[in-house]
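Quick mapping for you: the protein sequence lines, in order, are chains A and B. Residues 3 to 119 in the numbering used here are what the first sequence lists, from first letter to last. Residues -13 to 99 in the numbering used here are what the second sequence lists, from first letter to last.
Careful, some of the hints might be misleading.
[Unchecked claim] Calculated cross-link-like contacts (lysine to aspartate or glutamate; reagent style EDC-like; alpha-carbon spacing at most 16 Å):
hint, chain 1, residue 1, chain 2, residue 2
1, B, K54, B, D70
2, B, K91, A, E46
3, B, K28, B, D70
4, B, K86, A, D58
5, B, K54, B, E25
6, B, K86, A, E46
7, B, K57, B, E25
8, B, K54, B, D41
9, B, K86, A, E107
10, B, K42, B, D17
11, A, K19, A, E107
12, B, K91, B, E25
[To be verified] Just so you have them, the derived chain A footprint on chain B, three or more residues with Cβ under 8 Å:
hint, region
13, 30 to 44
14, 89 to 96
[Claimed, not checked] Among chain B residues calculated to face chain A with C-beta under 10 Å, some are:
hint, residue
15, V(-1)
16, I20
17, A65
18, P68
19, S71
20, F75
Worth flagging that the hints you see were computed from the coordinates, not collected in a lab. Backbone N, C-alpha and C define an ideal beta-carbon position, used for all residues, glycine too.
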Amino acid sequence: GAGVSQSPSNKVTEKGKDVELRCDPISGHTALYWYRQSLGQGLEFLIYFQGNSAPDKSGLPSDRFSAERTGGSVSTLTIQRTQQEDSAVYLCASSVLIGTSGYTEAFFGQGTRLTVV
Amino acid sequence: GESVGLHLPTLSVQEGDNSIINCAYSNSASDYFIWYKQESGKGPQFIIDIRSNMDKRQGQRVTVLLNKTVKHLSLQIAATQPGDSAVYFCAENSGGSNYKLTFGKGTLLTVNP
Chain A
3 GAGVSQSPSN KVTEKGKDVE LRCDPISGHT ALYWYRQSLG QGLEFLIYFQ
53 GNSAPDKSGL PSDRFSAERT GGSVSTLTIQ RTQQEDSAVY LCASSVLIGT
103 SGYTEAFFGQ GTRLTVV
Chain B
-13 GESVGLHLPT LSVQEGDNSI INCAYSNSAS DYFIWYKQES GKGPQFIIDI
37 RSNMDKRQGQ RVTVLLNKTV KHLSLQIAAT QPGDSAVYFC AENSGGSNYK
87 LTFGKGTLLT VNP
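Whole structure, please, built from the sequences with the hints as guidance.
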């Protein structure tokens, strides 16, 4: 498809286990975001990749969270030693940056609903 | 840090009425703003955007107003329909070399038939 794809759509894991969430951005989009959304809450920024620049990791809540983006395309968000408070919907978005001053909307995937039991 | 907030967490309107959803932002350097609509179980979807060199922009049944003096953004939906029921988020981007979007808490719009 032409949109942002995330997998799995749902993930239930036991407390203490590691999980990997995958995001396939729209082809050609240089910017990729990860956000977290708790029930009834807004979007919490986690990490931002832009081209070959160093990622902005300022939103990662702890060192248990990490993300990588291989080849400027697919991204994986890893949560180690999951805790119950990690339960949320994890949203990925991508966008294309036009020139040095242009900006376009971010397109979101459907999200991965993570439940830590 | 900078943040984007919303005045009203919930808004209930009758079908056919006009809806106004408000958003306050605090980063005076922000130069690009977007409204997103998020339906239950889905990711946010783009509705309309506006750049800081504009005060108003219209789309189909939606209008975004930007008041830079008071750092206020609003989304107006004309003739609100049941399908407009969703959570609406405003987002700002402070430009520079970052272009990272910052989202507000969201407003739940409920349209009563």
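Hint by hint, here is what the structure shows:
1. K54/B to D70/B: 27 Å, violated
2. K91/B to E46/A: 9 Å, holds
3. K28/B to D70/B: At roughly 14 Å apart (the allowed maximum being 16 Å), D70/B and K28/B satisfy the hint.
4. K86/B to D58/A: The given pair, whose Cα atoms are some 9 Å apart, holds under the 16 Å limit.
5. K54/B to E25/B: 29 Å, violated
6. K86/B to E46/A: Holds. K86/B to E46/A sits at ~12 Å (cutoff 16 Å).
7. K57/B to E25/B: 27 Å, violated
8. K54/B to D41/B: 8 Å, holds
9. K86/B to E107/A: 11 Å, holds
10. K42/B to D17/B: Roughly 14 Å between the alpha carbons, so the hint for K42/B and D17/B holds.
11. K19/A to E107/A: Distance ~35 Å between K19/A and E107/A Cα, so the pair is violated.
12. K91/B to E25/B: 15 Å, holds
13. 30 to 44: holds (count 4)
14. 89 to 96: With 4 residues in contact (Cβ-Cβ under 8 Å with chain A), the coverage given for the region 89 to 96 of chain B holds.
15. V(-1): It is violated, given that the least Cβ distance between V(-1)/B and chain A is near 20 Å, above 10 Å.
16. I20: 6 Å, holds
17. A65: 24 Å, violated
18. P68: 21 Å, violated
19. S71: 15 Å, violated
20. F75: 7 Å, holds
Hint violations for this structure: numbers 1, 5, 7, 11, 15, 17, 18 and 19, all remaining hints satisfied.
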